[in-house]
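**Student:** Chains A and B are the protein sequences, given in the same order. Position 30 of the first sequence, counting from 1, maps to 30 under this note's numbering, and the rest follow consecutively. Position 15 of the second sequence, counting from 1, maps to 15 under this note's numbering, and the rest follow consecutively.
These aren't lab readings, by the way, just hints derived from the structure by calculation. Because the structure is a prediction, the values reported are computed rather than measured. Treat each hint with caution, since some may be false.
Residues from chain B shown here face chain A by an in silico Cβ test under 8 Å; the list is partial [as the list claims (entries may be wrong)]:
(1) Asp126
(2) Leu130
(3) Gln132
(4) Thr135
(5) Gly145
(6) Ala150
(7) Leu154
(8) Leu259
Partner residues are not named here, just some residues of chain B that face chain A (Cβ under 8 Å, in silico) [said to hold, decoys possible]:
(9) Val23
(10) Asn26
(11) Gln142
(12) Ala153
Ideal Cβ positions, reconstructed from N, Cα and C, are used throughout, including at glycine.
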Amino acid sequence: MSRILPRPTALSQPYWDSCRQGVLLLQQCQECGDFQFYPRIMCSSCGGDDLHWQAVSGKGSVASYTIVRRGITADYPAPYVVALIDLQEGPRMMSSLIGVAAESVRVGLPVEVTFTDWSDEIAVPEFRPVIQASGDNP
Amino acid sequence: MVSTQNLRGKVAIVGVFDTEVGVVANRTPMELCVEAALGAVADAGLELSQVDGLITCNAMAQPMLYHAEAVAEYLQIFPRYCMAVGAGGGTTFSIIHHAASAIATGMADVIVVSMGDSLRSGLSRDQALLVQSSTGHPEFEQPYGPTVPAYYALIAQAHMSEYGTTAEQFAQIAVSGRAHASRNPTAQMREPITVADVLASRMIADPLHLLDCSLVSDGGSAIVLTSAERARDMGAPPIYLLGAGEGHSHEHISQARSLTTSAAREAGERAYRMAGLGPQDMDFAQLYDCFTPTVLIELEDLGFCAKGEGGAFVESGATMPGGDLPVNTHGGLLSHCHPGNPGSMFALTETVWQLRQAAGERQVANARSALVHAQGGIMSSHTALVLGTEVN
Numbered sequence: 001m002s003r004i005l006p007r008p009t010a011l012s013q014p015y016w017d018s019c020r021q022g023v024l025l026l027q028q029c030q031e032c033g034d035f036q037f038y039p040r041i042m043c044s045s046c047g048g049d050d051l052h053w054q055a056v057s058g059k060g061s062v063a064s065y066t067i068v069r070r071g072i073t074a075d076y077p078a079p080y081v082v083a084l085i086d087l088q089e090g091p092r093m094m095s096s097l098i099g100v101a102a103e104s105v106r107v108g109l110p111v112e113v114t115f116t117d118w119s120d121e122i123a124v125p126e127f128r129p130v131i132q133a134s135g136d137n138p
Numbered sequence: 001m002v003s004t005q006n007l008r009g010k011v012a013i014v015g016v017f018d019t020e021v022g023v024v025a026n027r028t029p030m031e032l033c034v035e036a037a038l039g040a041v042a043d044a045g046l047e048l049s050q051v052d053g054l055i056t057c058n059a060m061a062q063p064m065l066y067h068a069e070a071v072a073e074y075l076q077i078f079p080r081y082c083m084a085v086g087a088g089g090g091t092t093f094s095i096i097h098h099a100a101s102a103i104a105t106g107m108a109d110v111i112v113v114s115m116g117d118s119l120r121s122g123l124s125r126d127q128a129l130l131v132q133s134s135t136g137h138p139e140f141e142q143p144y145g146p147t148v149p150a151y152y153a154l155i156a157q158a159h160m161s162e163y164g165t166t167a168e169q170f171a172q173i174a175v176s177g178r179a180h181a182s183r184n185p186t187a188q189m190r191e192p193i194t195v196a197d198v199l200a201s202r203m204i205a206d207p208l209h210l211l212d213c214s215l216v217s218d219g220g221s222a223i224v225l226t227s228a229e230r231a232r233d234m235g236a237p238p239i240y241l242l243g244a245g246e247g248h249s250h251e252h253i254s255q256a257r258s259l260t261t262s263a264a265r266e267a268g269e270r271a272y273r274m275a276g277l278g279p280q281d282m283d284f285a286q287l288y289d290c291f292t293p294t295v296l297i298e299l300e301d302l303g304f305c306a307k308g309e310g311g312a313f314v315e316s317g318a319t320m321p322g323g324d325l326p327v328n329t330h331g332g333l334l335s336h337c338h339p340g341n342p343g344s345m346f347a348l349t350e351t352v353w354q355l356r357q358a359a360g361e362r363q364v365a366n367a368r369s370a371l372v373h374a375q376g377g378i379m380s381s382h383t384a385l386v387l388g389t390e391v392n
């Protein structure tokens, strides 16, 4: 596969390492408590520089989406869904939606993260609809 | 702080020129840029030797490290103010703001802004891919395969969800652009279209159909700017820069403050304040139309209708020829031409012809003032200009 592979930096390496372990990490500011994405050397809310990596729920909802009908290259077979995801912890990120009929996607759809291996070094976070629990669960 | 009022009416556009647009395979981007510059200088009734400032944009199909210097060398002029800008859309107009400041502060007396590119005929396969991937965060967006239309589709979908805007309303913007282009002999696409035609065209990235997307073109365009004082002695009636304002809110769409309200709002407020005019004073508007949803959001953010009412506004026919606010009177990027970075320049030259009352069949009756807007990135970087025939 020759998709457009992300090239981790020294700062973002923990994010990508964690993706390979199946856990979504975000930076959290130790001064104001806000989460941020993408990773930065400063807090985009308060300007603080004490940022820790924190595992997050991986849950969120679709802020917007599109069905790409003509792929960017032959390695992206269309149709596929590109979406903006509002994570429960606050930040917004771009991702793909998988495991869903493209025509049934709606703004506000609850989704959760899943990880797809693209190479030995890179697993990419993608999202799928939250699987509804069966009726007898709380 | 120096008041922005200081720029109001201080400079004027005194020369304009467009090259042939569409498929212009017999000209390189450099030749298009040079042809446009020569045409604009001649239109102003000036000699090349009187030009002491030059601004160009880099060409995707013929990139150079020192582009403006290469154009000056080709023309054999030796300016004291010379720079190339590397980005499109909003940058194309923010440099008009900068050029006006340069004239007002004495950095140059006569500035030529000239741009040309050959996205239709001149791109190698590698350059074409580079154009596609020139936007998007390389680490956190591009891996998911968003195309340029896809980024704008995310904005369109959000507006539909938040305000109930419809695909038919977006399509009406393409219909309006084409209606204007059908009256413009230089436009690349002149055959009138209907909302049904737009909706029947191939889906590119939902909800955007092929006819919701701008053209891919070759072409060049240039203007000459000088001080209002000097402009009064020239041949053509000067068209004054009455207001200029910018707004910059993000680069990557996933980081936008809002998907449905853009920094066109600040750009417009700043330009109107400088001009001492408001949206109700504009006889027509040229709004950046790389994809139809941008126009709808710009109509709202620039004060021509309330937030969320852009769909109803375009459905009313207001933006059509003869409407209350004709928009993109040359046909815009959707139907006139879109050679990339130079794209917005054609809206500027068209505005000058309209305000000179020289726009032929498509003339807006008694046009005195206009708002001209461009954006770049993904609704990221906005510049609004107010141009007029008089400084009141």
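**Student:** None of the hints should be skipped; say for each whether it holds.
**Tutor:** Cross-check of the supplied hints:
1. Asp126: 12 Å, violated
2. Leu130: 12 Å, violated
3. Gln132: Hint on glutamine 132(B): holds, closest Cβ of chain A at ~6 Å, below 8 Å.
4. Thr135: 11 Å, violated
5. Gly145: 4 Å, holds
6. Ala150: 5 Å, holds
7. Leu154: 4 Å, holds
8. Leu259: With Cβ-Cβ at 6 Å, under 8 Å, it holds.
9. Val23: 22 Å, violated
10. Asn26: 30 Å, violated
11. Gln142: 5 Å, holds
12. Ala153: 4 Å, holds
Going through the hint list in order, the structure does not satisfy hints 1, 2, 4, 9 and 10.
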